[in-house]
Every structure is written in C-alpha cells, then in structure tokens.
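Enquirer: Residue numbers (full-length UniProt numbering), protein chains in the order written: chain A, 1 to 259; chain B, 1 to 359.
I should point out that these hints are in silico values taken from the structure, not numbers from a laboratory. It is possible that part of the hints are untrue.
What the hints assert, rightly or not - Mimicking DSS-like on lysine-lysine, the simulated pairs with C-alpha atoms at most 27 Å apart in a straight line are:
{"#": "1", "chain 1": "A", "residue 1": "Lys116", "chain 2": "B", "residue 2": "Lys256"}
{"#": "2", "chain 1": "A", "residue 1": "Lys119", "chain 2": "B", "residue 2": "Lys256"}
{"#": "3", "chain 1": "A", "residue 1": "Lys118", "chain 2": "A", "residue 2": "Lys65"}
{"#": "4", "chain 1": "B", "residue 1": "Lys170", "chain 2": "A", "residue 2": "Lys18"}
{"#": "5", "chain 1": "B", "residue 1": "Lys256", "chain 2": "A", "residue 2": "Lys140"}
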Amino acid sequence: MAKRIDVSDLDIFYGNFKAVEGVNVSIEPRSVTALIGPSGCGKSTFLRSLNRMHEVIPGARVEGKVVIDGQDLYGSDVDPVDVRRQIGMVFQRPNPFPTMSIYDNVVAGVRLNARKMKKSDLDDLVESSLKGANLWNEVKDRLDRPGSGLSGGQQQRLCIARAIAVQPEVLLMDEPCSALDPISTLAIEDLMTELKDRFTIVIVTHNMQQAARVSEQTGFFNLNGVGQPGRLIEFNPTEKIFSNPDQKATEDYISGRFG
Amino acid sequence: MTTTAPPRREAPEPEAPAVRTRRRLPRFGGTALFVAGLVVAGLLTALSGWSWGLFAVYGVVLGSLVTYVGSRVVEGSRKATDRLVTCLVSSAFAIAMVPLVSLVYTVVSNGITRLDGTFFSNSMVGVVGEGGGAYHAIMGTLIITALATLISVPIGLMAAIYLVEYGRGKLKKTLTFFVDVMTGIPSIVAGLFAYAFFAIFFGPGVRFGIGGAVALSVLMIPVVVRSSEEVLKLVPNELREASYALGVPRWRTITKVVLPTAIAGLGTSVTLAIARVIGETAPLLVIVGITAATNFDPFDGRMATLPVYAYYQLTQPGVPPQFGIDRAWTAALVLIIIVMALNVVARLISRFFAPKTGR
Ligand SMILES: Nc1ncnc2c1ncn2[C@@H]1O[C@H](COP(=O)(O)OP(=O)(O)OP(=O)(O)O)[C@@H](O)[C@H]1O
Ligand SMILES: [Mg+2]
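Hey, can you work out the whole structure from these sequences and the hints?
Expert: Right, dumping it as structure tokens:
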C-alpha cells in the first residue's frame, strides 16, 4: 500500500512568482517525514504539490517531476482526481463541511465519491476513524450534530478523521497539531506512529520536538531573502539533523539562532 | 545585589479622578431640545401659511440647531457634534420613510374597499360597472411568473456557477460585463424583444402567456446571475479544497459541497428576483395583453395579469368610473401583499437553510 515518492528538480510557481526552487528528495515508504523551516519558505506549497492540490489555485503551476512508485504524477495521462484519492491531505486550517453532521463529515470521502457501503460498515468506519483521530469519546453521543459546532481543535481532529477514513496510501499533514492541546497532539503523534506501518506520511511542523519525536527523516526548508524562492536546504535522517546537521543554517534554525 | 523597594501605590489625587466626568444633558434632553426646535419651526410655518414641505425643512434645520447649541453650552463641543450628526441621520431616515409610508397608506386605504371574496373568485366576464374581480389576473400573474422562474433559475444559476467555478480571464470578464448590461435593460425593451421574437414564428399581433414569461426571463436572468454569483463567491475556498483533497471531482464538489453550503443565499436571491419581476407591466402589456376571462393556458391566447389589469382598470374604468378605479387599487394592494409575502419567504428560507452551528 505505502508508496515511495521521488521528487526531482521541482520548481513551484504562483503565476510568475517562483515560491519553491530545485527540490530533489526521495521520501521513503512506511515512514514519517517531517518538513521544518521558517514561515513563508514554501513548506505548504511543496506539500500541496505532492497531491496536485497546488494547481487548484488559479495561475499556479509546477515544473519538474514527482514520481510515485514509478508513475509521474504530473504526466499528461494522469488524472489529478485519482492522485488525490491516493494521497490524502490535512490542511493547516480546519475545514469541516458546515452543512454536514459530524458523521457525514467523516464519511464525506466515501459519500461524495458515491461509493456504496453498507450502513454497518459506514458506522464501523466512522468509529475507527474518529478513534484514530482521538475524537471518538468527545463526539460519540452527538454524531448527528453539525461539524462546525465543534471547537477549533476538535474540528482539526475531525478533518484528520475525514482524511484517514478514505485510507489513502500517502497522508500529507500541514501543521495538523498547531491548534491542538498537548494531549490531542500526543494522540495524533501516536496515530502517525501507528499509521506509518501502512502509509507514507509527510508532515509539516513548527514544533521541533514533534519532528524529533515522530519522524524518521527531516527536511529543512529555508529562503535566502524576501521574494526569493524557498529551497530544501538539507534532508537527512532526523537524528542527524537534530544532533549533527550538515548545514550551518539548519543548526542555527534548530537551536533558535535564526535570523 | 541591591534590593528594590516594591513600587508604592500612590494615593489618587482628589482633583484629577481617573475618568473625567462631564456635565451631561438629562436623559431625553437631546430629544426635548429637538422637539423644542420643531415647535418653533411649526410656529414659523404657521405664520407664513401652513405647508408640510416647509415645516419639514424648518423642522430639521431648527431642531438640529437647537440641539447642537443646547448641547454645546451644557456638554461641550465633542458631544454636541455627536448629537448634531445623530439628528441629521435620524432626520434623513425619517424623510426616506415618508414616501414608503404614504404609498402603503394610500394603497391600503384605497384598496381595502374591494378586498373581498368576489375580488378573489370572479373574473371580469360581463362586468361593466359594479362587482367583478381579479381571479383571472391573479392566476395569470402566478402562471406567467412561475414559468419565468422555471426558465430563469436554471439558466441563471448555471451561468453563475460557470462564472464562479469555471470562468477564467477574458471570457469571464466579457460575460460579467454583458450580464451587467442586461441588468439595465428597460423592461419595455424586453417586451419588444419577446414580441419581435415570437412574431417571427406566429406572425404579427401574437399574444400569449409564454411570451410574457420569456420577456420576464430576460429581465430576471441577469438578476439571478448577479445575486447567485455573489452568494457562491461567499462559499470559502477551503471547502472546495477539502473536497478536492478527498479525491472528489469538480462537478461533484459543486453539487454536493458548494451548492448545499450556499443554498440559503441562493433561495433568497431567487425569491427576491421573483419579487423584482412580478410587478412588471410594460412587457406584459406588449406580449400578453389583457382579457376579461380566465385563461389558464399560457400557450394560447391573451391572459390577464395583475399589473396590466390595474392599468386597464384605471385607464378604462367603465361607465361609473369609481368601480374600475377601486378594482385597480385593490389589484395594486394584492400585488404589494404578494411581494411582501415573497420577501418573508426569502427570510424564512435563509433562516431555515443556513448552515447550523448548534452544539
Ligand atoms: N495562493 C498564493 N498565491 C500567491 N502566493 C502564495 C500563495 N500561497 C502562498 N504564496 C507564497 O508562497 C510562499 C510560500 O508560502 P507557503 O504557504 O508555502 O509557506 P509556509 O512555509 O507554509 O509558511 P507557514 O509556515 O507560515 O505556513 C510565500 O512567499 C507566500 O507568500
Ligand atoms: Mg504553511
């Protein structure tokens, strides 16, 4: 199930603005890869280019190659909808569907794609997904209430449940824990550790301890100045990045001597 | 190591309290001053012969002036300016309400005489003087407006979806421009368009209900497009992205996520568009005409509609003219009631369909 992602010479543009430049990286299957770096250096942009969500923005485009298990994501015969079914995503800001109940939000990936499923299977899926996102106990008595009536952190966990309910092969998470308390954060981290047996996980985080705790590989993005494209400065095993990084910039950033 | 004494709290100075208090006018003092100004204005107007227009002008000027000066003397200039602006804004609101209130009053007081059972159950067949009703006109208005809605809503809604979800660049700009131009088309032109169009197929002198529905659609489509476009734009992009990220194709995202999220606003905009065209007279005059009998078939022959009915009852009232004129007022009243009901419906729609956030 899990897939290996090979990125080569990837440039990412918003119109004429080059946001990310020259990324070469290969992301291992069945592992957690963390992306760190200062705000605005293109972590979200890079992450969104991995499941072709980047091109949803008008004028946005990508040059270079993203290969998943030998298949070029940006090949002319590849349907972005198929790509997104295999590569799920959790966004930086929680975005549950306001018209749907908590239950319907979790099964949205199944329902919206008009896949047929037995009611009991759906119930099981909802329970396991919500448990996975550490939300089950809080909402199990009000599954039919609107999802937008939850707190911000609960909404984010609902979005995580929604993303894992479709059982993607790769899961991209953009700062999934930035709105969460330490307990839920731990639950999400446990979830990642559990999921990585089956999935490939890429996570963007501003929390160094989190990167150190959950990830096998860490990539450090940086940009040279305002208006310059962001670059992947260093990509190494997490222990190496946090103990003995190759680049001076990485060390400065990690030890808080940035800027 | 030096020890610093904890900062001692200073006793508040009695001369300078933390919040300065000012002298203020008593409650309703401002209103009292304004009324005093009004009284003076009333006396002034009475001296030079009473006229409501003159009284309004004097009243606003003197009332505001008295309030300002009084407040300035007692309360100081900042508060006085505040009161002056309040006076002006309230007066503007009151003046804006005058035509509305007077219109509703006139229509209700003139229309109430014939607001009876006969009016809603009889047509005008064989009526010259007293009696008669607008049953045929009410049904005609409802049928033609319903047909116009049936034509305009799918076209307008899909055009709005195109503009918001698919449209890019030049084509989108051009379309938006033409929709704006269409919004400004005079209604008589829409009627002439429908007439000229159907005259091609059915020869000159064609009159039928569906022609009126087409003419009303010409007026209604741009309204539906514009308001639905605004509503669809309000749907946050994040919801579309959330749906795309689940591997949902674009058309399903639109039908299952965007439209349900916007349904309340869309219902409101359609209802208001109906209210906008239901009172149109000119195009129906041209292409639908008028008849005394009840005609339920919009594809065959003239139909009566409320606005046209009111027009003919007023211009050709019959032998003792009073009965026709009364019927015209009642038709106008019924039209206003229908429009009001539509507005209420629009509010109910937006209340009931709005996404719920209850816990
Ligand atoms: N929709 C957009 N249109 C144009 N430019 C954009 C858009 N989104 C992001 N950018 C630009 O791309 C660059 C990278 O943004 P990105 O969101 O990827 O940063 P980030 O690393 O995720 O930052 P953060 O840690 O704050 O989330 C920034 O310079 C940003 O201004
Ligand atoms: Mg980001």
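Enquirer: Given the hinted pair Lys116/A and Lys256/B, is their Cα-Cα distance within 27 Å?
Expert: holds (16 Å)
Enquirer: Measure nothing beyond the straight line between the CA atoms of Lys170/B and Lys18/A; if it is 27 Å or shorter, mark the hint as holding.
Expert: Holds, at about 24 Å.
Enquirer: For the pair supplied as a hint, Lys256/B and Lys140/A, confirm whether the alpha-carbon distance does not exceed 27 Å.
Expert: Distance ~25 Å between Lys256/B and Lys140/A Cα, so the pair holds.
Enquirer: Run the distance test for Lys118/A versus Lys65/A: straight-line Cα separation, threshold 27 Å.
Expert: The hint is violated at about 40 Å.
Enquirer: Regarding the pair Lys119/A and Lys256/B, is the alpha-carbon distance no greater than 27 Å?
Expert: The given pair, whose Cα atoms are some 20 Å apart, holds under the 27 Å limit.
Going down the numbered hints, you'll see the structure goes against just number 3.
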